[in-house]
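S.K.: Here is what each chain is made of, one letter per residue.
Number of protein chains: 2
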Amino acid sequence: MRPIIPVRALRVSARPVLSTSSRAFCKREFSSAINRAPSRLLRFAALAAGAGIAGGLTLAMQDQLSAEAAPRLPSSPDLSNVKLELIEDSSAPMRERMAAFVKLLQKEIVDALQKEEQDGSNAVYTDKNGKSVDAAEGRKPASFIVEAWKREQGGEGISCVIQDGVVFEKGGVNVSVVHGQLPPSAIRQMSADHGELIERVGYVTEGPNAQVDSLPFFATGISLVIHPKNPFAPTSHLNYRYFELGHPEKLRDGSPNPRYNPNEPAAWWFGGGSDLTPMYLYEEDAEHFHKTVKAAADSQDKAFYPAWKKWCDSYFWITHRDENRGVGGVFFDDVSLPSWSKARSYIPLQDGSKHSTSELVSSLQHDKDSLFSTMQALGHSYVPSYVPLVHKRKNEPYNEDNVEWQRLRRGRYAEFNLVYDRGTKFGLMTPGARMESILMSLPLHARWEYMEPSSGTGREHSVAAAGRREEAVRTTPADELKAREIIQSVLEKPREWA
Amino acid sequence: MRPIIPVRALRVSARPVLSTSSRAFCKREFSSAINRAPSRLLRFAALAAGAGIAGGLTLAMQDQLSAEAAPRLPSSPDLSNVKLELIEDSSAPMRERMAAFVKLLQKEIVDALQKEEQDGSNAVYTDKNGKSVDAAEGRKPASFIVEAWKREQGGEGISCVIQDGVVFEKGGVNVSVVHGQLPPSAIRQMSADHGELIERVGYVTEGPNAQVDSLPFFATGISLVIHPKNPFAPTSHLNYRYFELGHPEKLRDGSPNPRYNPNEPAAWWFGGGSDLTPMYLYEEDAEHFHKTVKAAADSQDKAFYPAWKKWCDSYFWITHRDENRGVGGVFFDDVSLPSWSKARSYIPLQDGSKHSTSELVSSLQHDKDSLFSTMQALGHSYVPSYVPLVHKRKNEPYNEDNVEWQRLRRGRYAEFNLVYDRGTKFGLMTPGARMESILMSLPLHARWEYMEPSSGTGREHSVAAAGRREEAVRTTPADELKAREIIQSVLEKPREWA
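Heads up: the protein sequence lines correspond to chains U and C, in order. Numbering-wise (the working numbering), the first sequence opens with residue 1 and increments by one. Numbering-wise (the working numbering), the second sequence opens with residue 1001 and increments by one.
So that you can see chain U by itself, here it is in the shape it has in the complex (with noise of 0.2 Å):
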């Protein structure tokens, strides 16, 4: 094996905004500088230098003698230049109001995670041998990486990501507000996923009659999965957002557009919901994360919580497998205004897969503050909703069979959020997007086995699908394998929780 050091171009299309010089920062002197240092402090020392840390910390170099003492970031979200007020001024533009509100919100729950994983786990782990040991393996909490980024296109974001904790495995809460032009192939994407709220704005857009080239949009949101390691507590993921899109100030000719209007958008929607991926179902579980997220719904409105719910078990759905990601929770997209859509009900939801036949009616008057109040009642339930689940099971005594299981169940959300979740597709898709954010959401462990005789092929009708039951009766508890049975009738036919 020759040792060849690659020249690899910096591709960083986020740009943090801690750093600050030598953007054009080059891994082949970074790893010479690596392999000349003769200590680990001076090897250290090339690292930042390399990474070009300067103005944003101060390093005090005396303090690397520690291998402690790599740069820390902040775990817990800064809220000092986040204008809080403005969540409560209906005067304020929604964009200002819903970026500090996902601000906010990421802040309460980055910090009630952070602090259950402070508070650490005493779970037993027990391996095949029946050697029982620490689950921690005498490791101590991990902390959330807090990150603010910029976009260079346009935008800004803050990502929080915690990775090998001993309550979570992996999880991370990312906001962003950004803005920029859509191409005629996102607002293609966009039309498939969205409907009519697309055809609405009325531009043609493609084809020898396009009267625009491109047009503005703004979106903020906040964007999270957390998946703790104990196998008995359960996955969780929230999304609330808000969409604009806006009036091109000129034409594709070049003349002024007579619609454009920099105050009113175009087309607005909020979407989002949260839901719960146990691998082991107690059902008080599923029902507190239902009844604590329906109450904040029934709040606004009691029609919500129904039509959302089912739009939820529509959505995860995993067609190829013929199951749903999870237990559910609420689920909804392009949640606007009559006078902003065609559409029958109050607030017209537009359901693109097939699966859902959902549509919300509702007799309250609904506003746009009454929407925006809705996301907040929502986002607010996630951590009462989920966070007490964690608390409970975390320290549960498991075994490599619930591992097993548990990273068995991973490979199917790792199938689901890459074949599936619009999210992903449409991140996938868009240049210049920071990949391992869209991809936070893939678990740490994930497991694919063959004729899996408790969600697989494995309970097929064949010779070798008995011989993989034989086998799986023969090594796996009789009771282990009925907890995995349970949650798979679940997943295949799912319940009212609420």
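What the hints contain is simulated information worked out from the structure, not anything from laboratory work. Do not rely on the hints blindly, as some may be mistaken.
[As the list claims (entries may be wrong)] Pair ranges (Cβ atoms, derived): (1) Asp1322/C to Glu137/U: 33 to 39 Å; (2) Ser191/U to Glu1206/C: 16 to 22 Å; (3) Gly1138/C to Glu287/U: 43 to 49 Å.
For each residue, glycine too, the CB sits at the ideal point set by N, CA and C.
With chain U held as given, fit chain C onto it using these hints.
M.R.: This is chain C only, laid out in the frame that chain U set:
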């Protein structure tokens, strides 16, 4: 947790050949029977009965007293009913010749891999605490499970899968021979992938002027993915297939189709290739693989390898990661004759992806026979191109760092297959397809790390990335980091190997 035993309907679309009766196998009865059975013997008997094992295999019940005695399927495909003489018979239809060839090749490959597994591994595994153990953990070599199946809609196949072996972590070698009617949605997908080959067929299949409702098709092929256990042994993939589109007997309005001819397809083509995915780069391994495949291709036409190597690098590109799935090999599709295509080149190659600019131009006179010859030469080159690499690397000692990197690379493999691979996507969209045969390509274990410092955002220009790199330098040996960097650089910039 309430003990809920679900009734689960059988969702078998690929009916196993060996099974016979009781297709309405009911999970509730099966589970209850297990739970009532007082002994392992009876529990197995319940399983066997539930699975409807009767005619195909004779169950010697006394054998079940030993826990080892699961029903055994053959570990090598049976060729006794395959007319191998057809392969050489140029007067026989290509459908039958190719079907016989892929079955022959499947046996050749499965037997070679099974021999390698049987031969075992004496690799030593060292964990994070420096403790070294037998990597096989005292387990015995695994056997391929060979299972023949029939497709209700028309066709048959043989799946050979090995899992959790001492040499192979997971691998499958599948052949299928299927036929039926392609609905307009599948024709649309095929048009996207195969460009003018479909156009050439010349039927309007959609819209108010549609002439036909569907098109008859025939497809036969072999498809394999092998994931060895040792992180220094590379993963490999192979696929060779033959496809025909036919003329429908009747047009949509019920009138006879003047173009109907059961002996002359409307279009036919070969496609396939084989490629290598090492986790660590041994240049001599990549060279051996490429040289062996190139020699086989050169034996037919020296124009093949250069064009198909390039196409391979383009096809297996993971766009969102800006890196290749592996170090390549050969890949081609739509290989037909000029009379079947409008393209200028002798053997037209149309690549739908925007990456490829390759166009194969040969001065040799090919016919359908010589193209089939090429499939055979390439197919037979797989065992000598790949198995010696496994043999050479399977005993290498390895440690926890190596396994982590292997699983991380396998996460990327899963990303490619779920997001981009034509065959997988086509399969996931096909109702009634056997999902776990399609997803057999997924690894047993995969890993996704946020900010991984050798291949992910941990290389970026930020304080957090610098922290991740510092952590990697502190916790991972320098030679391991360098080895990761070497393979990463090759994945990002494909090289010539032969």
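S.K.: Take the hints in turn and mark each one as holding or not.
M.R.: Okay, the hints, checked on the actual structure:
1. Between Asp1322/C and Glu137/U the Cβ separation comes to about 35 Å, which falls inside the hinted range of 33 to 39 Å.
2. Between Ser191/U and Glu1206/C the C-beta distance comes to about 19 Å, which sits within the given range of 16 to 22 Å.
3. Range check, Gly1138/C to Glu287/U: about 45 Å between beta-carbon atoms, so the 43 to 49 Å window is met.
The structure meets every hint from the earlier list without exception.
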